[in-house]
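S.K.: Order-wise, the sequence lines are chains L and S.
If you're matching positions, the first sequence starts at 3 in the numbering used here and goes up one per residue.
If you're matching positions, the second sequence starts at 6 in the numbering used here and goes up one per residue.
Since the hints were made in silico from the structure, they are not lab data.
Keep in mind the model is a prediction, meaning the values are calculated, not measured.
Among the hints, a few may not be true.
[Unchecked claim] Derived CB-CB ranges, DEER-like: (1) L:Thr212 / S:Gly166: 32 to 38 Å; (2) S:Arg74 / L:Val43: 46 to 52 Å; (3) S:Gly35 / L:Arg16: 40 to 46 Å; (4) S:Gly166 / L:Ile37: 43 to 49 Å; (5) S:Asp61 / L:Trp170: 43 to 49 Å; (6) S:Arg132 / L:Thr212: 38 to 44 Å; (7) S:Glu225 / L:Leu14: 55 to 61 Å; (8) S:Asp89 / L:Ile174: 51 to 57 Å; (9) L:Arg158 / S:Asp262: 52 to 58 Å; (10) L:Arg158 / S:Ala64: 34 to 40 Å; (11) L:Ser111 / S:Asp89: 42 to 48 Å; (12) L:Leu165 / S:Lys135: 34 to 40 Å.
Heads up, the beta-carbon is just placed ideally off N, CA and C, and yes, glycines get one too.
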Amino acid sequence: MTVTRLTVRALLLRRRSLALLLPVSSVLFFVGLSIVRGDVVPDIQAIIVGRLLVTTVTPLVALVLAVTAIGDERESGTIVYLATARISRLRIAAEKTLAAAICTAILLSPALIAIVILGIHLGVGTDNILRGIAGTLLVATVYAAVFVMVGLLVRRALVAGILYILVWEGAIATIAPSAERFSMTAWGRAITDSGIYGLTPDLVPTLGATTGVIALVVATGLAVVLAGWRLGRMDLP
Amino acid sequence: MTPLLEFDRVSKWFRDTVAVGDVSFAIEPGVTGLLGHNGAGKSTAIRLATGLARPDEGAIRVLGLDPRRSGTARAAIGLVPDGDGLWPGLTALGLVVSCARLRGVSNPQEAARRALTTVDLLDVADRNVKGFSQGMRQRVKIAQALVHDPQVLILDEPLNGLDPQQRETTIALLRELGNQGIATLFSSHVLTEVERVADRVLVLVNGRLVAEGSPQGLRELMDERPRRVQVVTTNARAVAAGLAGLPGVESVELSDDGVLVETRDPTALARALPELAVATHAQLRSIEPTDEDLESVYGYLTQRARETRR
Numbered sequence: 003m004t005v006t007r008l009t010v011r012a013l014l015l016r017r018r019s020l021a022l023l024l025p026v027s028s029v030l031f032f033v034g035l036s037i038v039r040g041d042v043v044p045d046i047q048a049i050i051v052g053r054l055l056v057t058t059v060t061p062l063v064a065l066v067l068a069v070t071a072i073g074d075e076r077e078s079g080t081i082v083y084l085a086t087a088r089i090s091r092l093r094i095a096a097e098k099t100l101a102a103a104i105c106t107a108i109l110l111s112p113a114l115i116a117i118v119i120l121g122i123h124l125g126v127g128t129d130n131i132l133r134g135i136a137g138t139l140l141v142a143t144v145y146a147a148v149f150v151m152v153g154l155l156v157r158r159a160l161v162a163g164i165l166y167i168l169v170w171e172g173a174i175a176t177i178a179p180s181a182e183r184f185s186m187t188a189w190g191r192a193i194t195d196s197g198i199y200g201l202t203p204d205l206v207p208t209l210g211a212t213t214g215v216i217a218l219v220v221a222t223g224l225a226v227v228l229a230g231w232r233l234g235r236m237d238l239p
Numbered sequence: 006m007t008p009l010l011e012f013d014r015v016s017k018w019f020r021d022t023v024a025v026g027d028v029s030f031a032i033e034p035g036v037t038g039l040l041g042h043n044g045a046g047k048s049t050a051i052r053l054a055t056g057l058a059r060p061d062e063g064a065i066r067v068l069g070l071d072p073r074r075s076g077t078a079r080a081a082i083g084l085v086p087d088g089d090g091l092w093p094g095l096t097a098l099g100l101v102v103s104c105a106r107l108r109g110v111s112n113p114q115e116a117a118r119r120a121l122t123t124v125d126l127l128d129v130a131d132r133n134v135k136g137f138s139q140g141m142r143q144r145v146k147i148a149q150a151l152v153h154d155p156q157v158l159i160l161d162e163p164l165n166g167l168d169p170q171q172r173e174t175t176i177a178l179l180r181e182l183g184n185q186g187i188a189t190l191f192s193s194h195v196l197t198e199v200e201r202v203a204d205r206v207l208v209l210v211n212g213r214l215v216a217e218g219s220p221q222g223l224r225e226l227m228d229e230r231p232r233r234v235q236v237v238t239t240n241a242r243a244v245a246a247g248l249a250g251l252p253g254v255e256s257v258e259l260s261d262d263g264v265l266v267e268t269r270d271p272t273a274l275a276r277a278l279p280e281l282a283v284a285t286h287a288q289l290r291s292i293e294p295t296d297e298d299l300e301s302v303y304g305y306l307t308q309r310a311r312e313t314r315r
């Protein structure tokens with residue numbers, strides 16, 4: 003796990019990574035607001051966890067960290083130490099994904115603590131609180147894998163990733179129910195929101211939690227394999 | 006016997022540009038210098054040798070294996086890249102230990118300490134590399150390349166940016182490693198550096214291997230080549246007429262402010278010119294070689310290689 007350790011250290015030592023606490027703080031703000039206002043409807047849990055944390059904040063944080071995990075190594079030239087080692091390129095891609103997912107989880111931890119507090123406040127039950135955390139972490143992992151892959155395929159990976167998050171996940175997949183089947187955040191919401199009773203119909207996920215877990219795991223695996231394949235084919239500096 | 010590193014008719018293009026063209030050579034224990042001007046294809050050859058880049062044609066073999074596909078082949082190589090990048094937040098020991106782990110070394114701590122001892126950095130092993138001088142960073146890079154006891158050590162411009170003392174230390178280290186039987190390939194664009202370290206030299210010009218052999222042989226080859234000397238003088242016609250009869254002079258041309266001479270014996274030319282100036286009542290203002298830069302030397306070798314092929 004040396005690649006993971008080196009990458010986690012490099013990502014967390016970057017000052018720019020701290021800027022990612024800004025979108026994370028939006029979750030804290032809305033959780034605080036909701037508690038101060040005394041909201042008790044279960045919709046609040048689905049909106050803050052499903053729509054804000056899983057759909058917007060987690061993909062953004064994972065995007066920046068995943069693209070940086072590969073991009074910085076290529077820019078600084080340290081990737082040659084990995085690529086000339088005995089380990090396979092697939093393993094490098096897998097460990098880069100793991101490192102980006104770990105760092106995303108670390109930066110999201112204030113938000114995860116906040117949703118535990120919110121869940122207790124709303125009385126949604128331990129199961130739903132745990133589903134919220136597990137769903138968020140799975141979404142963080144799939145986005146880490148997908149954006150590591152995108153970072154190897156596309157020159158302007160950050161721009162491509164932001165467009166994807168805003169246009170596909172944030173707009174099309176949220177509005178069009180048929181598109182949900184192909185949305186990673188919808189798979190995540192299927193885990194975080196499917197157990198909450200009393201949601202207004204618009205917020206009830208159309209997919210089941212099991213489908214969500216399977217889809218996220220399969221997508222993560224495919225993205226890692228594709229990233230490993232791409233890394234094996236490309237010339238390095 | 007299988008060569009430790011072998012290029013077999015290797016070519017690599019970047020769009021329309023030939024970075025490495027039909028290059029073949031083999032590396033054995035000892036120090037081999039890869040000499041060439043900037044942009045000659047040295048770094049591309051090194052990237053190919055280490056599996057970082059794929060050849061468009063030909064084959065590269067390390068211990069008979071493809072370094073892009075074989076972990077065993079990569080494990081036999083230690084690479085010191087040209088770039089200065091090192092992972093942040095690590096001590097010298099931490100960095101070399103990490104590299105040892107990446108290469109599957111069984112006792113990374115011990116191997117890292119041994120490698121740092123080889124490059125004389127053990128006393129600063131626990132210091133963060135961020136505060137290291139360029140020479141120390143270079144030695145850390147060499148230590149990480151040695152940590153897994155490679156059979157082939159490849160260094161891309163290892164003397165670049167070093168001060169004279171660091172340069173001496175690094176040269177001595179490379180010679181020592183060569184003497185230990187490690188097949189060491191290092192690139193440089195400075196002939197005198199290569200002469201001091203290498204047992205054998207490969208000369209790349211515009212991606213093509215134009216000469217190979219001992220440094221001494223290469224030096225003799227370069228000394229044989231005709232030199233162009235610009236003589237700025239008054240009474241250029243008379244001086245030119247006098248120069249034409251000198252031994253070794255191959256051509257004489259009048260230029261705007263004097264005479265351009267091509268000679269195989271620059272020493273004889275230097276001795277004869279003052280006497281000639283007196284005899285022709287000319288005033289010598291300057292005598293300057295116009296082709297002592299490496300580009301000219303490489304140009305000569307390229308032309309010679311073309312003539313040999315014909």
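S.K.: Could you run down the list of hints and mark each one as holding or not?
M.R.: These are the hints, each one checked on the structure:
Here the CB-CB span from Thr212 (chain L) to Gly166 (chain S) is close to 58 Å, at odds with the stated 32 to 38 Å. At about 59 Å, the beta-carbon gap between Arg74 (chain S) and Val43 (chain L) misses the expected band of 46 to 52 Å. The supplied range of 40 to 46 Å is met by Gly35 (chain S) and Arg16 (chain L), whose beta-carbon atoms lie about 43 Å from each other. A beta carbon spacing of about 58 Å between Gly166 (chain S) and Ile37 (chain L) contradicts the range 43 to 49 Å that was offered as a hint.
A beta carbon spacing of about 37 Å between Asp61 (chain S) and Trp170 (chain L) contradicts the range 43 to 49 Å that was offered as a hint. Checking the proposed 38 to 44 Å range against Arg132 (chain S) and Thr212 (chain L) shows it is violated: the Cβ atoms sit about 53 Å from each other. Evaluation of the 55 to 61 Å hint for Glu225 (chain S) and Leu14 (chain L) yields a pass: the beta carbon distance comes to about 57 Å. In this structure the hint that Asp89 (chain S) and Ile174 (chain L) lie 51 to 57 Å apart at CB is violated, the actual value being about 45 Å.
For the pair Arg158 (chain L) and Asp262 (chain S), the beta carbons lie near 55 Å from each other, so the given range of 52 to 58 Å is met. Our hint of 34 to 40 Å for Arg158 (chain L) and Ala64 (chain S) holds, since their Cβ atoms are close to 35 Å apart. At about 34 Å, the CB distance of Ser111 (chain L) to Asp89 (chain S) disagrees with the hint of 42 to 48 Å. Judged by the Cβ atoms, the range 34 to 40 Å given for Leu165 (chain L) and Lys135 (chain S) holds: they are separated by roughly 36 Å.
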